[in-house]
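J.: The listed protein sequences correspond, in order, to chains A and B.
This note's numbering applies: residue 1 is where the first sequence begins, and numbers increase by one.
This note's numbering applies: residue 441 is where the second sequence begins, and numbers increase by one.
Think of the hints as simulated: they come from the structure by calculation, not from any bench.
Watch out, some of these pointers could steer you wrong.
[Stated by the list, open to error] Straight-line Cα separation of at most 20 Å, EDC-like style, residue types lysine to aspartate or glutamate; simulated pairs:
1. B/K512 - B/D578
2. B/K512 - A/E295
3. B/K641 - B/D578
4. B/K546 - A/E295
5. B/K641 - B/E661
6. B/K653 - B/E630
None of these values were measured; they are calculated from a predicted model.
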Amino acid sequence: MLSRYRPYILGLLGVFAITFPFLWLRLVPNFANNTIAVVWAPMHAFAFFGDLSTVFVVGFFIWLYVQLNRRFGWGKALARNPVCQKIGLFWDDNWGWVAVILLFLVLPLSIRPNGSEAWRAAGFPWISTSTLGLLTFAGLYMVLAVGLNITVGMTGLLVLGYAGFYAFGAYVFALGQQHFFFPWWLAGPFAFLLGGGAGYLLGLPCLRLRGDYLAIVTLGFAEAFRELMRNLDITGGDKGIVLKDSSIFQGFAGLSNQQVCYAVTAIILAATVFFIQRLYHSPVGRAWIAIRENEVAAAAMGVPVVQMKLLAFSLSAAVAAVAGVIYGAKDGFVSPAMCEFQQSIMILAMVILGGLGNSYGALLGAALLYLVPEYLKALPSMIQNNSVLSGVVPKFVQESFQHLSDYRWLLFGVVMVLMMLYRPQGLLGSARRKTEIRYP
Amino acid sequence: MTPLLETRGLSKTFGGLKAVQKVDLRIEANRVVSVIGPNGAGKTTFFNCVSGIYRPESGSILLDGHNITGRKPHQVCRRGIARTFQNIRLFPEMSVLENVLVAQFKHRSISPLPLLLHSKRFRGQEHASRHEALGFLDFVGLTQYANSPSGSLAYGLQRRLEIARALATRPRLLLLDEPAAGMNPQETVEMVQLVSRIRDKGLAILLIEHHMKMVMAISDEILVLDHGNPIAHGTPEQVRKDPLVIRAYLGEEISE
Chain A
1 MLSRYRPYIL
11 GLLGVFAITF
21 PFLWLRLVPN
31 FANNTIAVVW
41 APMHAFAFFG
51 DLSTVFVVGF
61 FIWLYVQLNR
71 RFGWGKALAR
81 NPVCQKIGLF
91 WDDNWGWVAV
101 ILLFLVLPLS
111 IRPNGSEAWR
121 AAGFPWISTS
131 TLGLLTFAGL
141 YMVLAVGLNI
151 TVGMTGLLVL
161 GYAGFYAFGA
171 YVFALGQQHF
181 FFPWWLAGPF
191 AFLLGGGAGY
201 LLGLPCLRLR
211 GDYLAIVTLG
221 FAEAFRELMR
231 NLDITGGDKG
241 IVLKDSSIFQ
251 GFAGLSNQQV
261 CYAVTAIILA
271 ATVFFIQRLY
281 HSPVGRAWIA
291 IRENEVAAAA
301 MGVPVVQMKL
311 LAFSLSAAVA
321 AVAGVIYGAK
331 DGFVSPAMCE
341 FQQSIMILAM
351 VILGGLGNSY
361 GALLGAALLY
371 LVPEYLKALP
381 SMIQNNSVLS
391 GVVPKFVQES
401 FQHLSDYRWL
411 LFGVVMVLMM
421 LYRPQGLLGS
431 ARRKTEIRYP
Chain B
441 MTPLLETRGL
451 SKTFGGLKAV
461 QKVDLRIEAN
471 RVVSVIGPNG
481 AGKTTFFNCV
491 SGIYRPESGS
501 ILLDGHNITG
511 RKPHQVCRRG
521 IARTFQNIRL
531 FPEMSVLENV
541 LVAQFKHRSI
551 SPLPLLLHSK
561 RFRGQEHASR
571 HEALGFLDFV
581 GLTQYANSPS
591 GSLAYGLQRR
601 LEIARALATR
611 PRLLLLDEPA
621 AGMNPQETVE
631 MVQLVSRIRD
641 KGLAILLIEH
651 HMKMVMAISD
661 EILVLDHGNP
671 IAHGTPEQVR
681 KDPLVIRAYL
691 GEEISE
């Protein structure tokens, strides 16, 4: 029993030990007699871990779910439930539902009522508004990574200009709102269809050919789209478009714009993962994997290769366009910088880091690659604002931390090279080979 | 009576190389027709033309009297021709069972709503698919490996899986490209048994093979290709005695 949990216990103790002098204690200088009193002051620790709480909460629920599932066979019991059988829930892909459950569990945690300062004062580790914004962006990147994973991971087609479709969706929303008074909830489905159509038209000529033509064509699309948006009068050029009412979600159920944005992102993310996983566990998903594994054999086994590739690619594009709409609604500002090459590469790296062909890997990759640099960015100010840390951490270290986020691309490259050397299948790898006969 | 498959004057060239020249062949159901010839004789090219991977330069391919020349591989498969590959082309990351499931694509409805919602009807179909796929695995003797990744199977078993996968498309004509290549005598005997069991199910089989014992034992007809030219066509007995065949295989001097 103890030996099984030893690594976790040791890990917790280690975290405690490392953070002990900075976070749990406070040095109080007494100038009268030139002594320093050490005072037990865990508030810093609460504040610090409070901001990380979402990560812990999510981790805890995943752990809890896995344990319950393993110990008591919850998934199986639910699968046998006649109601669940009728509507097809919990059938073959419990993990899709875990994502939904988790999001709705985390949701009330993240969206707190106004006047939550009282809650914080009472010691509850609610996340701050800025963290909520970060998580919303993380959610958007997760949607993008999961969407790109259909094409790159499952079907095995390289796409180098995915951010082009992201920006496409954002501009569809921005222009639609400016000229046709589109509300965001109408722009979403509209962008889904238009994005899918754009992906279809773009894929039509190059998916008939074998080879990585799609990579070049999409790269060209993203660059051409950016240049077009920079040079058209209607799109405001480099300045982009400021949406008429930036707080689009304001006033919805008494929540702030940020909070509703987060909720909408979370729901769209859950729906995306859910439906993509359903497709993955269907003849269409199997056809995609087969095309990735061996195109000639897939065709010879009756899989219409070109149509399936087109479906995968246009679905990817449609998902990106919807993410673009949410971005526009959240930021209230749309600019050509959205589809820079770096963005596309970033999303691609998220998919590769998490594990090609695995939706949950894409989620993990997106969370890591977006949140870690953001935490690095926040690190210097966190040290400065913390009276203990700023005293203990040497000045030159603090100064070098100021520029830490500038080096994130370097770090990023190192991580990628190490990944390719030691774990080319990504963090989670492809879950495909774990699929077994477990149908009734 | 129209034969199941008929090729008329089928030709294919690569640059200046005449890979297949004017091959005429008729296959009926329940028959095994072998295509033999030295390496580079154009046997696999012939298969690739029939299965739609190559587009023949001239000539036509008729299935049940319908012209299927120049159709895409998946359309050819849809009409009832399945094949295996000389250099094994499985989907290595997928499990053995899933390899077979992929081949059922053409029998499955892919209307979006049931797929996205996994409706009761869809689950029924999926269940039936799995049942059927397990049947094919049982037929070739791979049931115990159903859940292991196909890339990890032994070589001989991978060849069997290719056959199971081809059968899952429910073909009327099966093209087997060197199914016994690299097998030991025991495995070859088992392969002969497997092929005759497939024939007994009512399929027509077109076979490329280098194991002469296997070819002679199982074929109803043999077509011999040399440098793309059909040089002999007949029963195993006729082909065995054909001087052109002996020369192509053994060289002029020794054949005397």
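J.: So, for every hint listed, does it hold in this structure?
T.: Do the hints match the structure? See the list:
1. B/K512 - B/D578: violated, 30 Å
2. B/K512 - A/E295: holds, 13 Å
3. B/K641 - B/D578: holds, 15 Å
4. B/K546 - A/E295: Satisfied, since the Cα-Cα distance of roughly 16 Å is no more than 20 Å.
5. B/K641 - B/E661: holds, 18 Å
6. B/K653 - B/E630: holds, 13 Å
The structure fails hint 1 only (numbered hints given earlier).
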